[in-house]
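2 protein chains.
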Amino acid sequence: MKAPQYALLITLCMTVTLGAFAAEDKPLTLASQGSFFVGGEIKKIPAAGPAAAGDMTVNQMYVQYQSPLNADRHLPVVMVHGCCLSSKTWETTPDSRMGWNEYFVRKGRSVYLADQVSRARSGFDPTKINAVRSGSAQPSELPNVLAASHQTAWSVFRFGPSFNVPFPDGQFPVQAIDELYKQMIPDLNSTLPNPNPTWTNMAALAKQLKGAILMGHSESGFFPEQAALIDPAGVKGIISIEMPCQTNLTEAQVSTLAKIPTLIMFGDHLGDVQGGPANWANSFDTCQKFVEQLTKAGGDAVMMHLPKMGIKGNSHMLMQDKNNLQLADLILGWIDDHVESKKKPVRK
Amino acid sequence: MKAPQYALLITLCMTVTLGAFAAEDKPLTLASQGSFFVGGEIKKIPAAGPAAAGDMTVNQMYVQYQSPLNADRHLPVVMVHGCCLSSKTWETTPDSRMGWNEYFVRKGRSVYLADQVSRARSGFDPTKINAVRSGSAQPSELPNVLAASHQTAWSVFRFGPSFNVPFPDGQFPVQAIDELYKQMIPDLNSTLPNPNPTWTNMAALAKQLKGAILMGHSESGFFPEQAALIDPAGVKGIISIEMPCQTNLTEAQVSTLAKIPTLIMFGDHLGDVQGGPANWANSFDTCQKFVEQLTKAGGDAVMMHLPKMGIKGNSHMLMQDKNNLQLADLILGWIDDHVESKKKPVRK
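Residue numbers (the numbering used here), protein chains in the order written: chain A, 949 to 1296; chain B, 949 to 1296.
One copy or two, it doesn't matter: identical chains are merged, so the pair holds either way.
Within a straight-line C-alpha distance of at most 20 Å, the following computed SDA-like cross-link-like pairs (lysine to any residue) qualify:
| # | residue 1 | residue 2 |
| --- | --- | --- |
| 1 | K991 | I1125 |
| 2 | K974 | L1017 |
| 3 | K992 | N1112 |
| 4 | K1076 | A995 |
| 5 | K991 | N1112 |
| 6 | K1158 | T1148 |
Derived by calculation from the structure, the hints in this document are not laboratory data.
The shape of chain A in the complex, shown without the other chains (with noise of 0.2 Å):
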């Protein structure tokens, strides 16, 4: 083949290939992926019965990420997951649908997930654990490990009124609960040391992307704030879904998060569970003041209360709705109109 024609065929495999992307069902191409870590320091651990005193490492945290072709064009996402759950949050719906991590790399964008530090992948400090066990520390000073339950899980992630009975517009596909039942595991964010490495990690990821959006859930839903007050400089925008917000952060703190465009997103009935740990009216009011506090600031800061936009019926796992990928488009949305485009300048 010539060289012109074999260009053409380049061109045209490559206009194939793109206008591929966004189907749910076509073949996904990538080009690149991977895992590693960041952070994580050297620990000096005793010896423990037959095992010998020696270092680990610990508050590393896993990520792996996909990008696709052409990635450059936007900025990467790195979603980091609530409680008692893992990356899995993002992959595949408890009944088998696409989730925001493919979604997104479809979409164009290099998606990172990140198991939070003493979580999953990114291993846990068991040295409190074995010292109780050898006798050397008290049973007091064992981690609170919170395993949530399903009942609690139930209540706190709005399936329904009461256990075992969806809302009647739910979005959750409660049909497949046994599998998001399997995707929680415990929880030893209490092990964790002040500022949480968490958060570090995540500040360090954005600056090592060159920029980065990030995203938390839940118990991480105010992560990338946290995130972005121990370093801004690679935070290029802010995505905090469901999670009560900090209304008492200095002036100082709250002009620092106002140079980054932050959406906020909560789903539906959140005030019609009763009983559980979990007050989301209350959550969604502190969201409320905090976006009128980045505002008053000079931010740009978008809520979005998906029932008020018509959008009915979402839980708080509302990244695995059945709804999940119209949400995503949301999001993206605002990503192009509040963080990527040129027409609306991301500092004000």
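Guided by the hints, dock chain B onto chain A, whose structure is given.
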């Protein structure tokens, strides 16, 4: 464009795509990817502090998969990591080269990475820890959480004769060893019932896939055999890398395993590290004997002792060694010849 021209273009595009498959720096095209759980059972948990009593799911196994185009030409491969590690084992190496997971996909295989039950994204059962913390169980009942130190890893993984002294011909990328240390996470296998649910779940996964090749390493090296002894129906091939083999199986058990083509692989310097909890020379001897037992029972069992094949310097973490793709090719060749080839019947 006319239909025949379009058909030609599609053919050419497919050729371009398929031609790129084995090249490590070319885009990767996936037919599908995702994650799910195998197994799991519901356990009642007592109230712990502010948390009410309820149900939790334990013993589930998290599995992440990728399928290339035309994956049905080959059997899927299930990879299970070893002690104190997660599926990160098979992903990009400590020095950021391609891991076996992607390489096998590029060679046309569906790859399933399983986090062992009680590790990483599979979660673990924390009830004993919480019971001791609340005073309803004794410290001696705490699980023995295995946290391997850097020093133990250096010795057990055979990076050199003594800590921080590498073998002159060593294949492990020791300059990136800190990145391996970050992969090492607490091992709670001591909390598991017998039989280990990972074995049961591996057998179930192989069956669910309507036939698969099971691969284990180190702690999980003999798990494919254990899975096949629970249910051989889906286990079409076994790859066991660097572990002690069981040589006290019954005649009926050996007969079951002898129906499945088996590959065992060991690296170099088996007797060249002094001290530490592992005795690789002894493990090798048990596997030699196991191969003899399978062969005597009519089985097709192959021992690849790499230095005997002229491949020198491989560590215990050989899937991360500098020649890791060369070793992957050996395994792929074995699959072709011993599992998938029509010429050499699988069941003698």
